[in-house]
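Peer 1: Okay, here's what each chain looks like letter by letter:
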Amino acid sequence: GENVEQHPSTLSVQEGDSAVIKCTYSDSASNYFPWYKQELGKRPQLIIDIRSNVGEKKDQRIAVTLNKTAKHFSLHITETQPEDSAVYFCAASKGNYGQNFVFGPGTRLSVLP
Amino acid sequence: SQTIHQWPATLVQPVGSPLSLECTVEGTSNPNLYWYRQAAGRGLQLLFYSVGIGQISSEVPQNLSASRPQDRQFILSSKKLLLSDSGFYLCAWAERWLQPNTEAFFGQGTRLTVV
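These protein sequence lines map, in sequence, to chains A and B. For the first sequence, the tail end lands on 113 under this note's numbering, and the numbers increase by one without skipping. For the second sequence, the tail end lands on 115 under this note's numbering, and the numbers increase by one without skipping.
Extracted from the complex, chain B is given alone in its bound form (with noise of 0.2 Å):
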């Protein structure tokens, strides 16, 4: 069965510093990868989206950035980490299908706290 790693679970980090977090899934192959934040009390807004390695589209601007080095893996970093980036980051993967089209499966979410 497929399942989706992603850590740390909790992330308390000082404003200026850098962040990475990471998400890996297992059990299949070729999925498609997404980066969502969900500030407090809010709704999921796409970060990021990976069809494949080294392929990764952007939703919005912003000081953060992700990248695919492996098939079943994703990161999201931030150089530079601004108060604004807090908030509950979850990554989920999805099969690549053309049809039909299959739901997406959730990362447990990192809570990072900038301070």
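Same shape as in the complex, but just chain A (with noise of 0.2 Å):
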């Protein structure tokens, strides 16, 4: 099955600085790419995605990219703000109606003032 895998676990910024989150893939059937953003005990919010016949994708100050052919894809985030801190995953999908939603370990975002 699909295997995501997420880096770095944990990432801290200051304000104001641009922060990078990368993840791989493993199953080359994947075409959805989303970002999801965690705050401390709520449900985790889609804040960008991505499919798999668009390269970049950008809204505001966060974009993702995606390499198909490395089947790796990134998010960034730029000029940050301390509301961005939050645990950030990605996950990969694929569709045919039995859309399987896996997700990446994710990544701590704590963004400095």
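Please note that a few of the clues may not be correct.
Said to hold, decoys possible - Residues from chain B shown here face chain A by an in silico Cβ test under 8 Å; the list is partial:
no., residue
1, W7
2, A39
3, R42
4, L90
5, E103
Just so you know, these hints were derived from the structure itself, not from any lab. Note that CB positions come from ideal geometry on N, CA and C, so glycine has one too.
Dock chain one against chain two, each of which comes alone in its own frame, and use the hints as you go.
Peer 2: Following this line, the structure appears as structure tokens:
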């Protein structure tokens, strides 16, 4: 089955700096890659996603890039703010109705004021 | 709009006792449904997913089971809880489309402590 790895497990940045989180996946049939943000004690919520027919997607301060050949994708957060502090999860999924989301182990991001 | 309800929010159960967590989805039909477990400070482990009534796929062997008695109802059960079953359990749903894939929406979660 699919295996998703995520690095780093923890990341501390100064407010205003950029943060990059990287994920790799194993199943070349995966075609949908969402990123979720989970604040302490709360449910994960989608922040951005990318499909396999796209190489890059941007939404304000966050962007995601996908390299299908290398089977890796990355989350980029620019101009980080304290409210960006949370655990971030990447996931890989493939369709055909039996959509199965496999998550990475998560990255705990701390933005220091 | 679609909503997902999961209950209870917190639960403390003794070792060896049974478990039943319920999740329901409103505002959609034929959703894919998922149960995830999150141990303290850890990632999201997929336990079960379902693409239809009575159809359950298990991702990891364990003493948990899942059932989908109705289209928008997903139940996580155990006959005898273990200490290692403690964690944060999340139900999620996603639309069933061939293309494009869509995001998974999570319930509020149940924090289970087995004592």
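Peer 1: A closest beta-carbon separation below 8 Å is what the hint needs, so does B/W7 meet it against chain A?
Peer 2: Because about 13 Å separates B/W7 from the closest Cβ in chain A, which is outside the 8 Å limit, the hint is violated.
Peer 1: Interface hint check: B/R42, Cβ to nearest Cβ on chain A, cutoff 8 Å. Holds or violated?
Peer 2: For B/R42, the interface hint holds, since the closest Cβ of chain A sits about 7 Å away, which is under 8 Å.
Peer 1: The hint names B/E103 as touching chain A; please verify it with the least Cβ-Cβ distance against 8 Å.
Peer 2: Since chain A brings a Cβ to about 4 Å from B/E103, closer than 8 Å, the hint holds.
Peer 1: Double-check B/A39 for me: the hint is only fine if its C-beta lies closer than 8 Å to a C-beta in chain A.
Peer 2: Violated - the Cβ of B/A39 stays beyond 8 Å from chain A, reaching only about 11 Å at its closest.
Peer 1: Hey, does the B/L90 contact hint survive, CB to chain A under 8 Å?
Peer 2: holds, 6 Å
Checked against the numbered hints given earlier, the structure breaks hints 1 and 2 and satisfies all the rest.
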